[in-house]
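**Q** As you go down the protein sequences, you meet chains S and X in turn. Its first residue numbered -14, the first sequence is counted upward by one per residue in my numbering. Its first residue numbered 445, the second sequence is counted upward by one per residue in my numbering.
Keep in mind that the hints were calculated from the coordinates and are not lab data. Where a beta carbon is used, it is the ideal one built from N, C-alpha and C, also for glycine. Do not take every clue at face value.
As the list claims (entries may be wrong) - Computed Cβ-Cβ distance ranges for the label pairs, DEER-style:
(1) X:Gly518 x S:Asp244: 46 to 56 Å
(2) X:Ser451 x S:Asn92: 25 to 35 Å
(3) X:Ser539 x S:Lys132: 48 to 58 Å
(4) X:Val466 x S:Gly212: 31 to 41 Å
What follows is each chain in one-letter form.
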Amino acid sequence: MNRSKQTEVLGGIITTIILILLVFLSNVEIGKLTFFESIANTIVSPIQNMFISLKNKVGGHNEYFSNIDDLIIENNELKEKNRELEEKVRELEIIKADNETMQAYMNLSQKYAEYKTIPAYVINKDISNLSNNIVINVGSDDGVGVKMTVIADKGLVGHVISVTKNTAKVQVIIDPASTVSCSISTTEQSLICKGTIDNNQVLRASMIPTGAELIQGDSVSTSGIGGIYRKGIYIGNIKEIITTSNIIDRYAIVEPAVDFSKLNNVLVIAE
Amino acid sequence: MKKISVSIIFLIFIFILYFIQVGVFSNFGLFGVMPNLFIILVLYIGLFTNSVNAICFGIIIGIFLDLLYGNTVGLSAVMFCIVGYIASYFDKNFSKENKVTILLMSIGATIIYEFGFYSLNGLILGYDFEWFKFIRIILFEIIYNSLITIILYPFIQKSGYKIDRIYKKNNILTRYF
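Given the sequences, and given the hints that come with them, work out the whole structure.
**A** Given below as structure tokens:
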């Protein structure tokens, strides 16, 4: 009996202490218990981490396996979209190139509005090192004939020397066989521009009148003499004047306005 | 029969070379100078077939090019014809066993063709002859043509002797002596 009374008393004391402790601890700020917290964490965390990582792994794989089908579908959709976009880009590039060509033709036509012109583009260039003729994609079917003048946006290109139904061969002004009668814009004095075999694609202006005063940078245009080229088509500028001991032999280097290495769009002036 | 098939192969080869020349070498010049593959072809025909064949193919190639690009028709034809004849002359007088002789022949053919082409064109069309610029162009063309000949030499030799056997069955060993 005594024993049970003792136990009851002990139980009561322990309960009281626990309750006091509880009251005490509940009033203590949690921040002040970091030491204990850290000890607890140190004990628990390794194992806990292991479980968490295991769980994560399994969970991740679960997700992977569950999502693979969705991913394949999504990937296919994206691929399809990419293909569509690439196609659109290509189409736009073609439209852009067309637009540029059309604009070039527009500029050309506006610039030479007084002439009736046939637009064309260069389809072939000479394979010889000693001549520079070109072939364009319009022929007798389009109304092109021999001796018609060919121009580009910046100036004179040459004239047609032969035509087929769908193509025309053009002798460009830089071809060594070409001779153009020109005049200097400032003084209106005439000279003869011949093509050269020079790599820099320049013209050699000779037969300069002895009294003529040439200035570097003077613009040169066709004089209309000769019956092939009309008067006033711009050719280029005088780049260099080469004086010789005899003034009759002097000549000038004329730089054509047209860049023949990049020549693509041209206009044929229909008679 | 074999000779006809060889001729057909040559004709096909002319077109292939034309497209290579237009498509590839027109865009990859050596200082703006292009090689002339047709000179090598005519030389090849002259060396390994006979003079008649070389002259005929020279004329065909020349007229073909003249019609496409030339200011007049016939000048390239004449020059290729001469190159073809000279090639067959080379064949009779020089050995084809050596790489250097083939190289020298290609250089000679290039000089003859370009010089003849330029002077004839100049005389007919009234060029202001610019010989220094011409020499510069021809030098680069010679270098380019020689490089192509060296690269193609194994092919030239192998196929050349096969054609040689068709055209010169009996006198292949005796013609040098």
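**Q** Now, for every hint given, state plainly whether the structure supports it.
**A** Outcome of the hint check:
no. : hint                            : result
1   : X:Gly518 x S:Asp244: 46 to 56 Å : 32 Å, violated
2   : X:Ser451 x S:Asn92: 25 to 35 Å  : 51 Å, violated
3   : X:Ser539 x S:Lys132: 48 to 58 Å : 52 Å, holds
4   : X:Val466 x S:Gly212: 31 to 41 Å : 33 Å, holds
Of the hints listed earlier, those the structure fails to meet are numbers 1, 2, in rising order.
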